[in-house]
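Q: Residue-level listing of the chains:
Number of protein chains: 2
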Amino acid sequence: MGKSQISIGLLGFGNVGSAFVNLLESQKSVIFAKTGLELVVTHVAVNDLSKDRLGLDAQTLLTDKAHEITVDPEVDLVVELMGGLLPAKDVVEAALQSGKPVITANKELLSKEGKYLFSLAAEREVDLLFEAAVAGGVPLIRVLRESLLGEPVEKIMGIVNGTTNYILSQMEEKAMPYNEALQEAQRLGYAESDPTADVGGQDAASKAAIIAMVAFGANVSLSDVRFEGIENIKSVDIAFAKRAGCTIKLLAMVSKHGDELEVQVYPAMLPKGHPLSAVRDSFNAVFVEGEALDSLMLFGRGAGGMPTASAVLGDVIDAAINLSKETYRDMGDLNEISLLQGGEQKSAYYVSVQVADEPGVLATVASVFGENDISIQTMEQEGMEKEARLVFITHEAEESSLEGVLTQLSKLSCVEKLGTVIRVLEA
Amino acid sequence: MGKSQISIGLLGFGNVGSAFVNLLESQKSVIFAKTGLELVVTHVAVNDLSKDRLGLDAQTLLTDKAHEITVDPEVDLVVELMGGLLPAKDVVEAALQSGKPVITANKELLSKEGKYLFSLAAEREVDLLFEAAVAGGVPLIRVLRESLLGEPVEKIMGIVNGTTNYILSQMEEKAMPYNEALQEAQRLGYAESDPTADVGGQDAASKAAIIAMVAFGANVSLSDVRFEGIENIKSVDIAFAKRAGCTIKLLAMVSKHGDELEVQVYPAMLPKGHPLSAVRDSFNAVFVEGEALDSLMLFGRGAGGMPTASAVLGDVIDAAINLSKETYRDMGDLNEISLLQGGEQKSAYYVSVQVADEPGVLATVASVFGENDISIQTMEQEGMEKEARLVFITHEAEESSLEGVLTQLSKLSCVEKLGTVIRVLEA
Numbered sequence: 129m130g131k132s133q134i135s136i137g138l139l140g141f142g143n144v145g146s147a148f149v150n151l152l153e154s155q156k157s158v159i160f161a162k163t164g165l166e167l168v169v170t171h172v173a174v175n176d177l178s179k180d181r182l183g184l185d186a187q188t189l190l191t192d193k194a195h196e197i198t199v200d201p202e203v204d205l206v207v208e209l210m211g212g213l214l215p216a217k218d219v220v221e222a223a224l225q226s227g228k229p230v231i232t233a234n235k236e237l238l239s240k241e242g243k244y245l246f247s248l249a250a251e252r253e254v255d256l257l258f259e260a261a262v263a264g265g266v267p268l269i270r271v272l273r274e275s276l277l278g279e280p281v282e283k284i285m286g287i288v289n290g291t292t293n294y295i296l297s298q299m300e301e302k303a304m305p306y307n308e309a310l311q312e313a314q315r316l317g318y319a320e321s322d323p324t325a326d327v328g329g330q331d332a333a334s335k336a337a338i339i340a341m342v343a344f345g346a347n348v349s350l351s352d353v354r355f356e357g358i359e360n361i362k363s364v365d366i367a368f369a370k371r372a373g374c375t376i377k378l379l380a381m382v383s384k385h386g387d388e389l390e391v392q393v394y395p396a397m398l399p400k401g402h403p404l405s406a407v408r409d410s411f412n413a414v415f416v417e418g419e420a421l422d423s424l425m426l427f428g429r430g431a432g433g434m435p436t437a438s439a440v441l442g443d444v445i446d447a448a449i450n451l452s453k454e455t456y457r458d459m460g461d462l463n464e465i466s467l468l469q470g471g472e473q474k475s476a477y478y479v480s481v482q483v484a485d486e487p488g489v490l491a492t493v494a495s496v497f498g499e500n501d502i503s504i505q506t507m508e509q510e511g512m513e514k515e516a517r518l519v520f521i522t523h524e525a526e527e528s529s530l531e532g533v534l535t536q537l538s539k540l541s542c543v544e545k546l547g548t549v550i551r552v553l554e555a
Numbered sequence: 129m130g131k132s133q134i135s136i137g138l139l140g141f142g143n144v145g146s147a148f149v150n151l152l153e154s155q156k157s158v159i160f161a162k163t164g165l166e167l168v169v170t171h172v173a174v175n176d177l178s179k180d181r182l183g184l185d186a187q188t189l190l191t192d193k194a195h196e197i198t199v200d201p202e203v204d205l206v207v208e209l210m211g212g213l214l215p216a217k218d219v220v221e222a223a224l225q226s227g228k229p230v231i232t233a234n235k236e237l238l239s240k241e242g243k244y245l246f247s248l249a250a251e252r253e254v255d256l257l258f259e260a261a262v263a264g265g266v267p268l269i270r271v272l273r274e275s276l277l278g279e280p281v282e283k284i285m286g287i288v289n290g291t292t293n294y295i296l297s298q299m300e301e302k303a304m305p306y307n308e309a310l311q312e313a314q315r316l317g318y319a320e321s322d323p324t325a326d327v328g329g330q331d332a333a334s335k336a337a338i339i340a341m342v343a344f345g346a347n348v349s350l351s352d353v354r355f356e357g358i359e360n361i362k363s364v365d366i367a368f369a370k371r372a373g374c375t376i377k378l379l380a381m382v383s384k385h386g387d388e389l390e391v392q393v394y395p396a397m398l399p400k401g402h403p404l405s406a407v408r409d410s411f412n413a414v415f416v417e418g419e420a421l422d423s424l425m426l427f428g429r430g431a432g433g434m435p436t437a438s439a440v441l442g443d444v445i446d447a448a449i450n451l452s453k454e455t456y457r458d459m460g461d462l463n464e465i466s467l468l469q470g471g472e473q474k475s476a477y478y479v480s481v482q483v484a485d486e487p488g489v490l491a492t493v494a495s496v497f498g499e500n501d502i503s504i505q506t507m508e509q510e511g512m513e514k515e516a517r518l519v520f521i522t523h524e525a526e527e528s529s530l531e532g533v534l535t536q537l538s539k540l541s542c543v544e545k546l547g548t549v550i551r552v553l554e555a
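Taken in sequence, the protein lines are chains A and B.
Take the first sequence: its letter number 341 is residue 469 in this note's numbering, and every next letter is one higher.
Take the second sequence: its letter number 20 is residue 148 in this note's numbering, and every next letter is one higher.
Hints listed in this document are in silico derivations from the structure and should not be mistaken for laboratory results.
A few of these clues could be false.
Because identical chains share one entry, a pair is satisfied inside a single copy or across any pair of copies.
[What the hints assert, rightly or not] Derived DSS-like pairs (lysine-lysine); straight-line CA-CA distance at most 27 Å: (1) K384 - K400; (2) K302 - K514; (3) K217 - K384; (4) K162 - K217; (5) K243 - K156; (6) K384 - K162; (7) K156 - K179; (8) K545 - K474.
All chains, please: the whole structure from these sequences, using the hints.
A: Now the structure itself:
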């Protein structure tokens, strides 16, 4: 049995960091009663020492040198909440090197340096836990790592970015244009002033890479993940989806196709019957399909100081218990698994085309699909004259065939502009 | 580091037991790759040795003496899938006494003998895991025990009985009477030939007791749980709920009210906006509210051989890893927490009353509510003559006041029969 007081070194004291300190303070005695462990934040690293630090104990050692905390022998366990690749990577590395368990909420770090850091943690026989890095308060990582370790998981589909889900929900529920919904999200603090990482899909792509590592033991990093965002989605697309009994969601998709793994982020039309279609507002949800399990969905708050702090605290307690029992859990080796390439993937598609409103246009455009061996499920003409728009839902087709269609369409004189292209998924 | 081959003694070889053996067989190499552990079912206890045992290895030792497996030094870990209180209690006790971790799916056993068995496991420093005992393939127990160990959980509401959820869904979607829906459930194997434990609410009550132990560290046993079932719910109640934008669900409710804990099972009208209202068919789902976490929902298959086997396997791997690292996790002490008594509880209620269709009846019946200090939210008269029926939705009222109303109503000459009484919950 190891020690019963665990000193925590906290790196980063922003929204989540201060929520974590408050939550731990209020739950200290409950945690002690349940585990026999006294968890204390003894060291905190901040960027700017001159700011007030409300909620911190007077005895807490404040420093602007994060690195010193990671090597301080008085610190038992390190919580990294700085975000970003650097200097987070250096301090997490240093903490693991000095044999300290690390809890991190840093999706960028893990999606870029996960393989290295997981193997370093295993080598040093310490925990590296990261529940809060994917879907905030939704306990997906623990469920995948522990509950489903033996489950033949086939597919994981997640709404893992609250910003884009909020924007899409507003566009659907209030018939709001994209820009207005984005501004609303910014006003509420759901979107940053530069929203690119969220709306462009990169944030979700980082999470997809982490999910692939955890669920499939695959050595996937952010640069392996193909991603699209929601910037091109128009009100007309949302309105069409609604009429068709669908809702548009930005999905992180990690699924097995034989020996290959698909790891990708894209907006998709989901039929209203699908459990993920009911996930509104800034909520996150992850749908898991497994051979034995059938289906499982986890739903909750994907972001926000308190829900994220709750996830961090769960990991901190886990690592503290392991530390006191002188044990840990590693991630196992990450293997090279071949990733499904874009062209081979099959899906039904929604294709919207802005056309000149003249006789014969529909037939001309439709024939392009046929020439590329794509059969059409439904076809609709909307608007007139300059606003004339053809909307197609295709049967399942390979992405490469669809690209052929789009290239050909863009060259037609009757096509004024290619509109949005969105995958259409089954229930 | 302990041994790397883990011999499993399996007690019970029914639906779940054989699914477990098949699942483990198919996942053996994956589990070995991820954990370095070789899991083998070496001993199986059955009731009837003369039956064929498909899927069992020729080297597996078959016996009808479960007790011998629990004390066999060659067995490292025991999986109890016999169900029922006895002899399950004796064999689980014997296994723990001999220092073997136990995985059980036995809700009855834990809801009656949980406190004793958890403390025995802690004393012998071995795992006693039971994910499959509540909500089958939905990983609620691990999430509560680990992810939310530090979370100030306030309320857990669960649809934890698939049989009743199937029946209620059929009644709502197909306007099927209760008896017909029950027969349909029996035909599909969702309900047993004697369905009392499911439709009467006792199965859900066992699960509520276990949830209270895990989430609140409360020493609650089945006998402490007040429960109602769904046998009295009529098509007219379902139809009324639908018109009112609600759906009727059988809920296991475990929630904090100041220093008191409510642990109860009852059918309730839930507004369509509530995430649990969309849980159809035989699915299970559990909704958790916490101060930091906000809200979290887990949704999946609550029963069935394969989903339950998946939950058992997750626990078996967890216990096997702990065994190999010579560690375990205990449940902590279960404390005496005072339970909210019936009379004090507040809720809005749906009350249906069959009356004589004559002038003044409505006023007479309504006045009884006023006399008991219960104010009425809405009131509706349905049908005529012998089918005349008054339906009230009350504002929030204490259960004891409502009982006063029901007693008085039953004495009125114009009241032919008291109909169903159902709690009405807010979104």
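Q: Going through the earlier hints one by one, which of them does the structure break, listed in rising order?
A: Hint 3 is the one this structure does not satisfy, whereas the remaining hints hold.
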